[in-house]
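S.K.: Sequence:
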Amino acid sequence: MGVRGLFSYIRKEQGNFRPIQLRNSFIILDGYNIISKLYLHPSLYTQYNGEYFAFDIIVEEFLLNLKKCNLEPIFIFDGLHEFSKLDTVLKRNTDRIITLSHLQENSTRGPPRDGTSADFRVSIDPTLINKTFFRTLERLGARYVVVDFEADQLAAAMAMHLGVPLISNDSDYFILGPYWANKGCELIYVPTESCDFFTTHESNEGFYISAEQYTATESITFRNLSPIQIPLFAVLNGNDYVPPYYFHAYLPGGTQQQPYATSNNAARTASRFRRLIEWLSGFGNDIVGPVDRILSKFPKSERSKAFNFICAGLASYHVPFEDLPPYMTFIFGDDVPPSKLAQSSPILINLSDKSYGVKALHVLAVGEPSPRYLSVWPPRLLRAFRNGHVPTSSCDALFAFGIVLRGVVEDYQSREPFNLCSLPLRRILVGLLVDTYPSNTFRLPGIFKNNGNLSYKEYRREGCTVMIHKIVNFDQISL
Numbered sequence: 001m002g003v004r005g006l007f008s009y010i011r012k013e014q015g016n017f018r019p020i021q022l023r024n025s026f027i028i029l030d031g032y033n034i035i036s037k038l039y040l041h042p043s044l045y046t047q048y049n050g051e052y053f054a055f056d057i058i059v060e061e062f063l064l065n066l067k068k069c070n071l072e073p074i075f076i077f078d079g080l081h082e083f084s085k086l087d088t089v090l091k092r093n094t095d096r097i098i099t100l101s102h103l104q105e106n107s108t109r110g111p112p113r114d115g116t117s118a119d120f121r122v123s124i125d126p127t128l129i130n131k132t133f134f135r136t137l138e139r140l141g142a143r144y145v146v147v148d149f150e151a152d153q154l155a156a157a158m159a160m161h162l163g164v165p166l167i168s169n170d171s172d173y174f175i176l177g178p179y180w181a182n183k184g185c186e187l188i189y190v191p192t193e194s195c196d197f198f199t200t201h202e203s204n205e206g207f208y209i210s211a212e213q214y215t216a217t218e219s220i221t222f223r224n225l226s227p228i229q230i231p232l233f234a235v236l237n238g239n240d241y242v243p244p245y246y247f248h249a250y251l252p253g254g255t256q257q258q259p260y261a262t263s264n265n266a267a268r269t270a271s272r273f274r275r276l277i278e279w280l281s282g283f284g285n286d287i288v289g290p291v292d293r294i295l296s297k298f299p300k301s302e303r304s305k306a307f308n309f310i311c312a313g314l315a316s317y318h319v320p321f322e323d324l325p326p327y328m329t330f331i332f333g334d335d336v337p338p339s340k341l342a343q344s345s346p347i348l349i350n351l352s353d354k355s356y357g358v359k360a361l362h363v364l365a366v367g368e369p370s371p372r373y374l375s376v377w378p379p380r381l382l383r384a385f386r387n388g389h390v391p392t393s394s395c396d397a398l399f400a401f402g403i404v405l406r407g408v409v410e411d412y413q414s415r416e417p418f419n420l421c422s423l424p425l426r427r428i429l430v431g432l433l434v435d436t437y438p439s440n441t442f443r444l445p446g447i448f449k450n451n452g453n454l455s456y457k458e459y460r461r462e463g464c465t466v467m468i469h470k471i472v473n474f475d476q477i478s479l
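Take 1 as the starting number for the sequence shown in UniProt numbering and just add one per residue.
What the hints contain is simulated information worked out from the structure, not anything from laboratory work.
Beta carbons are placed, not taken as given, at the ideal position from N, Cα and C, and that holds for glycine.
Any given hint might turn out to be false.
Quick list of in silico lysine to aspartate or glutamate cross-link-like pairs, EDC-like style, CA-CA up to 20 Å [said to hold, decoys possible]:
id: 1; residue 1: 131; residue 2: 60
id: 2; residue 1: 131; residue 2: 205
id: 3; residue 1: 359; residue 2: 302
id: 4; residue 1: 305; residue 2: 368
id: 5; residue 1: 305; residue 2: 323
id: 6; residue 1: 68; residue 2: 205
id: 7; residue 1: 354; residue 2: 302
id: 8; residue 1: 297; residue 2: 323
id: 9; residue 1: 470; residue 2: 114
id: 10; residue 1: 340; residue 2: 368
id: 11; residue 1: 67; residue 2: 56
id: 12; residue 1: 12; residue 2: 302
Ranges of calculated distance between the beta carbons of each label pair, as one might list FRET restraints [said to hold, decoys possible]:
id: 13; residue 1: 138; residue 2: 196; range: 47 to 53 Å
id: 14; residue 1: 422; residue 2: 451; range: 51 to 57 Å
id: 15; residue 1: 25; residue 2: 114; range: 42 to 48 Å
id: 16; residue 1: 463; residue 2: 226; range: 49 to 55 Å
Between the sequences and the hints, there should be enough to build the whole structure, so can you do that?
M.R.: Right, dumping it as structure tokens:
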């Protein structure tokens, strides 16, 4: 999701973009974002929350158009959730069930209308849409991979390694970049909304898809900031790892503005962005100084917490080239293309006696290690996960906050959630996954004992507007 308000703020400045003709190249695609875009194709009746055969046809047309333009897509999909994402996931799913309950209310109000009426269209993906997409990719031989955790950073690293466009609507790609590389090696970011995948154009060089590329090194929005400062800008504004307005009172002009004002919110956000950019630009190619300056304003008792937020935020913008090899091998086999990027990130040692700012720079340069939960899986199971055959929601029962059950088109007024009928299958799958972990390997953070039984959490809808959690007991199952 990234920084709230940043995508629209950057998109409204046309000088931040230039036309690009997509052809004759690999392209990296944000898998789940592309699924959502394709499912909203005008020919699909999204109100039925299914239409999988029609969706399969749309995906095939999409892939054939890419092939017509000599574009070879590589789809990158998110894997496991992190604990810190629970509030975001619950908020998204609560909004989803509210939308769907309103659909039911709307369908019974007023004069009778045909079920295919545009009044009933909803921008919500159905339960099996991801599985349908994976199977279509397999059928047509497209390259794709499910990564261990969130895909943003790895997708950016892969696009920069190959020197090819990355297509997504995530504002984090305005931030991610090769912070210590020469000009001309920047991420080629193309917003999904600028692409018309179903209209190809022809020129002397062949067919192409018209789109817009973000001009990272010529950006009007960030023209006064060095690449290394852009991640700090995002962190101080609040991203997926830093609460909104957490640093607000400690930033220039922050005390002059009420953080939760309701009037003209976009203008206030734009003003906050501009003030912070102007302030950071005064530090040149440096984040050590501004980090130390801001943290010095916090009471001593709160500095450690504030510093942890800065580190978590900056770690989410580390570009993990070091983690690419196994994914590149999975996608390309033994014929991995050589890297088109060279950069020299700073090497920092003896950090124990360094300032907060130096430690923050270190986090951006090297990232923070992620748990290697999948490292003990047998190769066949890991390959199934990479191919999208293992539900990541079931993995969340082991490694994160539990299984969050998505709302679907159903009777919200007088029926229990439909996914209760598949509870026995989820118990079996979780039991099988738990059995892959010997007791001397990892502690599984999502698994606990409840009255002596192995248990995990499920989040389900209750009524029309609320998500609640339930404790689910299960048995470990060996094959």
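S.K.: Which constraints among the numbered hints does this structure fail? Numbers only, ascending.
M.R.: 2, 5, 8, 9, 10, 12, 13, 14
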